[in-house]
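Residue numbers (our numbering), protein chains in the order written: chain A, 2 to 591; chain B, 232 to 466.
Worth double-checking, as some hints may not be accurate.
Listed next, the in silico SDA-like pairs over lysine to any residue satisfying Cα-Cα at most 20 Å (straight line) [to be verified]:
#1 B:Lys446 / A:Ser455
#2 B:Lys274 / A:Ser455
#3 B:Lys370 / A:Val325
#4 B:Lys370 / B:Gly455
Simulated coverage check for chain B against chain A, where a stretch passes if three residues somewhere in it have a Cβ under 8 Å from a Cβ of chain A [to be verified]:
#5 248-259
#6 314-324
#7 450-460
To be clear about the criterion: a stretch of chain B counts as covered by chain A if any three or more of its residues have a C-beta under 8 Å from a C-beta of chain A, and this derived list gives those stretches [unchecked claim]:
#8 281-288
#9 357-363
Hint data in this document are derived by calculation from the structure and do not stem from the laboratory.
On a predicted model such as this, the values are computed, not experimentally measured, just so you know.
Glycine residues also receive a C-beta, built at the ideal position from the N, C-alpha and C atoms.
Below, each chain spelled out in residue letters.
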Amino acid sequence: MTGMRTIDFDAVIVGGGGAGMRAALQLSQSGYKTAVISKVFPTRSHTVSAQGGITCAIASDDPNDDWRWHMYDTVKGSDYIGDQDAIEYMCSEGPQTVFELEHMGLPFSRTESGRIYQRPFGGQSKDFGKGGQAARTCAAADRTGHALLHTLYQGNLKNNTVFFNEWYATDMVKNQDGAIVGVIAICMETGETVFIKSKATVFATGGAGRIFASTTNALINTGDGVGMALRAGYPVQDIEMWQFHPTGIYGAGTLVTEGCRGEGGYLINKDGERFMERYAPNAKDLAGRDVVARSMVLEMLEGRGCGENGDHVMLKLDHLGEEVLNSKLPGILELSRTFAHVDPVKEPIPVVPTCHYMMGGIPTNVHGQALTQNAEGNDETIPGLFAVGEVACVSVHGANRLGGNSLLDLVVFGRAAGKHIEEMLHQGIEQRNASDSDIEEAMSRLQRLNDSTSGESVSSLRTELQDTMQNHFGVFRKGEFMQEGIDKLKGMRERIANVHLEDKSQTFNTARIEALELENLFEVAEATAIAAEERKESRGAHARDDFRDRDDDNWLCHSMYFPVDKRVGKRDVNFSPKTVDTFEPQIRTY
Amino acid sequence: MLVSIYRYNPETDLKPVMKDIEIDLPEGKDLMVLDVLELAKQKDSSVAYRRSCREGVCGSDGMNINGTNGLACITPISQVVKPGKKLVLRPLPGLPVIRDLVVDLSIFYKQFEKVKPFLINDTTPPAIERLQSPEDRAKLDGLYECILCACCSTNCPSFWWNPDKFIGPAGLLQAYRFLADTRDTADAERLADLDDPFSVFRCRGIMNCVAVCPKGLNPTRAIGHIRSMLIQHGT
Chain A
2 MTGMRTIDFD
12 AVIVGGGGAG
22 MRAALQLSQS
32 GYKTAVISKV
42 FPTRSHTVSA
52 QGGITCAIAS
62 DDPNDDWRWH
72 MYDTVKGSDY
82 IGDQDAIEYM
92 CSEGPQTVFE
102 LEHMGLPFSR
112 TESGRIYQRP
122 FGGQSKDFGK
132 GGQAARTCAA
142 ADRTGHALLH
152 TLYQGNLKNN
162 TVFFNEWYAT
172 DMVKNQDGAI
182 VGVIAICMET
192 GETVFIKSKA
202 TVFATGGAGR
212 IFASTTNALI
222 NTGDGVGMAL
232 RAGYPVQDIE
242 MWQFHPTGIY
252 GAGTLVTEGC
262 RGEGGYLINK
272 DGERFMERYA
282 PNAKDLAGRD
292 VVARSMVLEM
302 LEGRGCGENG
312 DHVMLKLDHL
322 GEEVLNSKLP
332 GILELSRTFA
342 HVDPVKEPIP
352 VVPTCHYMMG
362 GIPTNVHGQA
372 LTQNAEGNDE
382 TIPGLFAVGE
392 VACVSVHGAN
402 RLGGNSLLDL
412 VVFGRAAGKH
422 IEEMLHQGIE
432 QRNASDSDIE
442 EAMSRLQRLN
452 DSTSGESVSS
462 LRTELQDTMQ
472 NHFGVFRKGE
482 FMQEGIDKLK
492 GMRERIANVH
502 LEDKSQTFNT
512 ARIEALELEN
522 LFEVAEATAI
532 AAEERKESRG
542 AHARDDFRDR
552 DDDNWLCHSM
562 YFPVDKRVGK
572 RDVNFSPKTV
582 DTFEPQIRTY
Chain B
232 MLVSIYRYNP
242 ETDLKPVMKD
252 IEIDLPEGKD
262 LMVLDVLELA
272 KQKDSSVAYR
282 RSCREGVCGS
292 DGMNINGTNG
302 LACITPISQV
312 VKPGKKLVLR
322 PLPGLPVIRD
332 LVVDLSIFYK
342 QFEKVKPFLI
352 NDTTPPAIER
362 LQSPEDRAKL
372 DGLYECILCA
382 CCSTNCPSFW
392 WNPDKFIGPA
402 GLLQAYRFLA
412 DTRDTADAER
422 LADLDDPFSV
432 FRCRGIMNCV
442 AVCPKGLNPT
452 RAIGHIRSML
462 IQHGT
């Protein structure tokens, strides 16, 4: 395409959150020409909102702690569709990765002996579930994500990573051989569109919680990476698996960390009863998030919810005392006072299960290489494309993520992808240049939007989409009801494609970005809906009224959603860790 | 509710203007300023502003709200406007405006980068974490929480006057965050970098920074500590 600028890098990372910046750091440190494209200034990425901590067996709280115990918890938490080779890699590499962050300056809270402070989180155990509750989540007060993200940004500044801040990637560029050779990106400040060419393109674009009306996610979590992958015709894995966090602030959706319950807080219903004792007699409030969220919804359905409409429950913290709350949960005090108008020192916080995390995403191997399936159904890597963090499905979370495992996922696999790309670059990557028509293909969506003269508004379509997902694909799901949701979505693709961009100006045009984001939201929503209807069982976060049991005979596998024919296929779960015995599927109770 | 928003698009406008827009507020709910802006954008999609986390931790939506700098997402309108009065939104003062409420933060970030905002310790790290006592770690409280929203620096007359030479409260808070960290070994280098008439000493103790910090931090106190350290180091 004539007149378009091309900028050339060894590696380009799309997304400036924890995973992207960890990958970038790895590559910058070894001297490769590395760029991070981020639609917001990097420290504004959603990693900043992570509160409770990063789970990892660093053996501070318990000197005998063992990464294998963490692995056991994670496999069980995933309801057995997490890949055991990937979980093994994450849990065993974790300690080194966390120590590196500390050496980089991350201001972890400390124990009396000067080691990193660890708190209990949900789904954690000692001795493969036999030794009681573990405290394995490394914390910087309740601002761990903020501390981690700033530390990584600082590390990248130190190592001269090139940042394209407030640049928005619209689509990937595929060459004639089917290799990904970079992305088209818009500079938001000037409106200039550029081909950012790269030997390795890493998607670290985060999640898509904004497909739901009620979410803990930042406004920027619009599934841009998943949208780009689906548009390019690549499959996504386990995309029906969405985590609803038990404690979003009622009405506002802002997150209250699981660390509250880790520090001794608990949930109560309108009778003041600690109801989790009935649903999870051992772990109680620290059962898996899916279990706690469902129990809360059942309490409300059975008329024991709080408030006039009985549509929330309460999180009680006041018994912990002001001193503990001030030192361990200062951010929660702030958020509760601002968004719930309650002071947790004196009164409980109204909470409700709220969409929080996308377990599915672009399938990858442990090196972050994006995968697709060939005609025979075997894995094949997509040349030039990598994915790390929430956008990826490696899969360490399976059907339900454990609290504190997302920050670990980010840094472990950001680092792993960085290392692998380092090796590949060292050996030399040869790719054919993108032709003008390859670039035009990637530009087509942007072109259509810029040429639009009539159509519906972005904000009304977005609200309609979010309400549809909220109503038809929430905590509890049912076949016929999901089918209705799918039918509603069907009509929306065309309408969203024909959305009207009224404001055509170049300078910091956020309306244009929001229109492009809406298309990504839709791609994620449609994939979620179709995959959710197809998985005819209940597993982890996917709970169906019409198929209440886990069905290991038919569904002990990943789902693979193929966008071209909107087909849902299957992919084997890895049950072959390298250094430990396989954890066989068991009935999952807490 | 009447909302008056600073509008400027360099492609079409010769100068900025304040434009009023009428917003219907839902009954019985105290909205945040950001919620009001989102409603305004539904009516007029061309309004430009930054936003991300909508819970006061990412620092995107610093702006001037009825004369005071703050984060739109955690400022309830009841706190800034009396019933029946106008909500007035302007960009953070003292920086070039890119468009509407979006300012060019380049010089703010440059001052942040000047203080080498990263841990420097060239000794070989142990196989585990570097140990730090809870007391030493507590020295970082009130410093590391900065979200780089720029509310403080753009509220500082000394920064307005010398944005290229005075580091400003946000940058200095981070300078002290690393000076105060027992794991950092570059105090001498850091202090030498700051030892000139402008970088630190242009702070006149006005405390405008403290007055607006949405995280309740105290850059003036941190600057005071840096001054003492500079003096002790025999400058």
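Consistency of the hints with the structure:
1. A threshold of 20 Å between alpha carbons decides the hint, and for Lys446 of chain B with Ser455 of chain A the separation of about 44 Å lies outside it, so the pair is violated.
2. For the hint linking Lys274 of chain B to Ser455 of chain A, the alpha-carbon distance of about 16 Å falls within 20 Å, and the restraint holds.
3. Our distance criterion of 20 Å between C-alpha atoms is met by Lys370 of chain B and Val325 of chain A, whose separation comes to about 18 Å.
4. Restraint check for Lys370 of chain B and Gly455 of chain B: satisfied, since their Cα atoms lie roughly 15 Å apart, inside the 20 Å limit.
5. Look at the segment 248-259 of chain B against chain A: 0 of its residues bring a Cβ nearer than 8 Å to a Cβ of that chain, fewer than three, so the hint is violated.
6. Against chain A, the segment 314-324 of chain B contributes 0 residues with a C-beta closer than 8 Å to a partner C-beta. That does not satisfy the three-residue criterion, and the hint is violated.
7. Coverage of the segment 450-460 of chain B by chain A is violated in this model, with 0 residues showing a Cβ closer than 8 Å to a Cβ of that chain against a need of three.
8. Evaluation of the coverage hint for the segment 281-288 of chain B: fulfilled, as 8 residues show C-beta separations to chain A shorter than 8 Å, against a requirement of three.
9. Check result for the segment 357-363 of chain B against chain A: holds, 6 residues qualifying (beta carbon to beta carbon below 8 Å, three or more required).
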